[in-house]
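Asker: Here's the letter readout for the chains.
2 protein chains.
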Amino acid sequence: MDVAKVLIDGKWRAADAEGTFHAENPAKGEALSMAFPISRWSDCDLALTAATKAASELRSIEPEKIAEFLEKYASNIEAAADAIVAAAAEETALPVAPRLKDVELPRTTNQLRQAAAAVREESWRHATLDLEKNIRSGFAPIGPVVIFGPNNFPFAFNGVSGGDFAAAIAAGNPVIAKAHPLHPNTTRLLAEQALKAVETAGLPPATVQMIYNVSNENGLKLVSDPRVGAVGFTGSRNAGLHLKRGAEEAGKPIYLEMSSINPVIFLAGALAERPEQLAQELVDSVLAGSGQFCTSPNLILAFETPQTGSFLAQIAKSFKERPAQPLLSSAGRKQLHQGVTALTTAGADLVTGGENAPGDGYRYANTLLRATAAQFLAAPHDLQREIFGNATLAVVVSTQNELQSILRLLEGNLTGTIYSAKSGVDDATYNTIAPLLLEKVGRLLNDKMPTGVAVSPAMNHGGPYPSTSHPGSTSVGIPTSITRFAKLECYDAVRPERLPAILKDKIANPKTWRSINGAWVQG
Amino acid sequence: MDVAKVLIDGKWRAADAEGTFHAENPAKGEALSMAFPISRWSDCDLALTAATKAASELRSIEPEKIAEFLEKYASNIEAAADAIVAAAAEETALPVAPRLKDVELPRTTNQLRQAAAAVREESWRHATLDLEKNIRSGFAPIGPVVIFGPNNFPFAFNGVSGGDFAAAIAAGNPVIAKAHPLHPNTTRLLAEQALKAVETAGLPPATVQMIYNVSNENGLKLVSDPRVGAVGFTGSRNAGLHLKRGAEEAGKPIYLEMSSINPVIFLAGALAERPEQLAQELVDSVLAGSGQFCTSPNLILAFETPQTGSFLAQIAKSFKERPAQPLLSSAGRKQLHQGVTALTTAGADLVTGGENAPGDGYRYANTLLRATAAQFLAAPHDLQREIFGNATLAVVVSTQNELQSILRLLEGNLTGTIYSAKSGVDDATYNTIAPLLLEKVGRLLNDKMPTGVAVSPAMNHGGPYPSTSHPGSTSVGIPTSITRFAKLECYDAVRPERLPAILKDKIANPKTWRSINGAWVQG
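Same order as they appear, the protein sequences are chains A and B. Residue 1 is where the first sequence starts when you use my numbering, and the numbers rise one by one after that. Residue 1001 is where the second sequence starts when you use my numbering, and the numbers rise one by one after that.
Source of the hints: derived by calculation from the structure; they are not laboratory data. On a predicted model such as this, the values are computed, not experimentally measured, just so you know. Be a bit skeptical, because a hint or two may be false.
What the hints assert, rightly or not - Restricting the straight-line Cα-Cα distance to at most 30 Å, the calculated cross-link-like pairs of lysine-lysine (BS3-like) are: (1) B:K1440 <-> A:K53; (2) B:K1440 <-> A:K133; (3) A:K440 <-> B:K1506.
Required output: the full structure, derived from the provided sequences and hints.
Answerer: This is the structure in structure tokens:
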């Protein structure tokens, strides 16, 4: 049997495998033919050794070469887009167009190019010069970064091409990517393009390495290895907390994005003003990507108004009418059903859905649940369980006090959204509610669904625990995302000729941002 | 018996105590008369509840008021300096002048004033505006911060007045300080001035709270309480790791500074050029504060040269001649002796010292140990044990290879220092050694001892694990130290009138630094 090769130290080589696995086509529920290896520790060990050497070499490489790599990689992905998109569509059942081809792939290459620009303007380094005392500091690479990508974004969050990857590379670190086992072939095709770009740019061969899968035990060993600089993870809370414990016990910084129910609040005036439009926006947001977005609204908090009944009825109607799209996996569908069942067990009423849907592959009926504020307040833990997929829970609240009580009981989330009337009639309520919501989220939205995550320097794709592991970090939003994978280095009375270029008195790069004697200056 | 009161919610109140303790005068080895309480959980609980309320109120307070508090507090400390310095001298046996009065106290008030300036110029917020997409983000307060100060700096790192305190307050958070039990009265006097400044500036009463001591169990409960935003800790590795586990298990960011042996390397040319001067500098550095500095050189790496013997002999001679100063506590002296014994057990030779010294109080003879590179390489773990006090280990290396091997085996440290010849004869060696050293330290120094930690925006008082818990953070160096205690908040499509002042299109404060569409601009 032909087993796919792993990418270690610049070479595609046969894995030291303790088993193999196959991806599936979730639109058909059929296993795909290519076999992928589950690597033994020796593969991780080789990769770590090669990464350590690469990390050391990368420290003295011109930043321009790293920027060239990122841009070349983006171009390579575009040149190979047809094959990459086809593989991703086969492994994820996500639509080729617009999702994979026109949205996620361009977003991914855009992210790589923004990282290249950040490498050139260097503001992520926070170069800080105290000329009088001759003390200078700035961020520098942290060392080999291990990245675990999630199941739901085969390009934009892939360990070998996504936001964490771009940030770790931009900081000058080699990356060891673990593919998500639901899309190994997509990851293989991306890694091929990455390797070509590594070679073109003349970076150390082990700058980008990739393995497909390891046992839980070896995953833990990997994130806590002394050679690792830091870890990036996007995925489920269970897997994330498992790795978090291991990495932190070993003193390794680990940045995790784990779970979020993304509350969306509809104030009374907004519901009175434009109920149909709001229902439509919500349906589009909840069903986008079959609800398999980190920012998918899992919790709707709607004020009781004369319109609320028809607003919810319209959502239920749309859920029934719209075809259920395939989910990413059989396991994902099972977990979704478990989640829905847990919500009904905790007191929520099933309005529509709640069972597998007909059609090929792993489909689940678009699902709306409903609970009262009293029910939510009686079981706040169970009713804010993340349900990853095309389902959402609507809680109708009668008073501001009820809403405030609910917000106070929320765990940390990536996003929180408030829809309010354009007339201004909701403003007093908004002013009371928004500060409470803001404490629980990383991004506050007005009159806009949270599912879109723009790649902007001002974006925060982060939030309080347990949505992520640190409320001061973001995995999207360059250059801020880069400093997660950086070490602060200070030069105290170091002789001028020995300083790194970015900390010398004069700098050649006219784009470089630095803070000199307290003022930010460029060039 | 009169027991000192704790500061909770703006009031000095009797603690709910499960016991009391007394500080000692370590210069005499005598217990001091004032009794201090060991608080039960109920005190922590009250403080956390009050801090939660204060945190909420602080979010909408004018930054100017926070700056005023910091400045007023600095003035108050100066006005009460005599009493505060006297208390600290009594509790620590550190000299009144120059150490406490002329160095540490002005450093502390300077730190508070730098924090005030940072509050005004706001660059710590990293306000980032994407005007085209209408996405804006910036750092905001993280919530109540619990701070544990160390034994060795009664002002500059005190939980109620030091660097962590200044940073946490500057970010707009209330602080719950735990006094170090070796200087409770100093902490009490500082907290009195802090409370007065809180009242003058009109901040919420619970902005600054202070308890003296809690059980290990309650300490753990405190750092993992849901109401806590983050934790700052400076102290021993054992205590730090204990709290680290608890806080991280609860998902709380914790910043720890724990231990460091601060290697100082003497290259051959430097030893040939100015051996007496270097020996003198080293002696001054090792014995400063009886060696009880986080940045005290515990490990000397000197090349074998014709001068090395006399260089080490001069150090030994000075160690014998200089009087041993009192250590901070009986326990500290015991641990120092245990450390010295552990080093000799691991193969080091005792050159001088290694026993208690005569004189009042807790004195230990200035101690020099010596080992070969081979011995170090045979027991790298045991021979890089931190010895907190007036003792240091000299390792003589014969080749660059030996030195490289030693550097590769070092744990993370706060600082690393290289002395090289002014003639340039060491430059080739420097270029090989410095990158290896830099990987293991937060601050690299040339021809300057690491014991001084300037309060400069460019200072990094941090380093790789286990010297701290995150190599990208610093506890000294404003404004960088502030972002540790901050949460990143993003406003996506939020209506203009609802934005916080710092994220609006136009800003009133001409000092504020922001990054707008990729460029840093002020005002």
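Asker: Now look at each hint and say whether the structure bears it out.
Answerer: Checked hints:
Among the hinted pairs, K1440 (chain B) with K53 (chain A) is consistent with the structure: their alpha-carbon atoms are about 16 Å apart, no more than 30 Å. Under the criterion of a C-alpha separation no larger than 30 Å, the hint pairing K1440 (chain B) with K133 (chain A) is consistent with the structure, at around 23 Å. As the CA atoms of K440 (chain A) and K1506 (chain B) are separated by approximately 27 Å, the hinted pair is consistent with the 30 Å bound.
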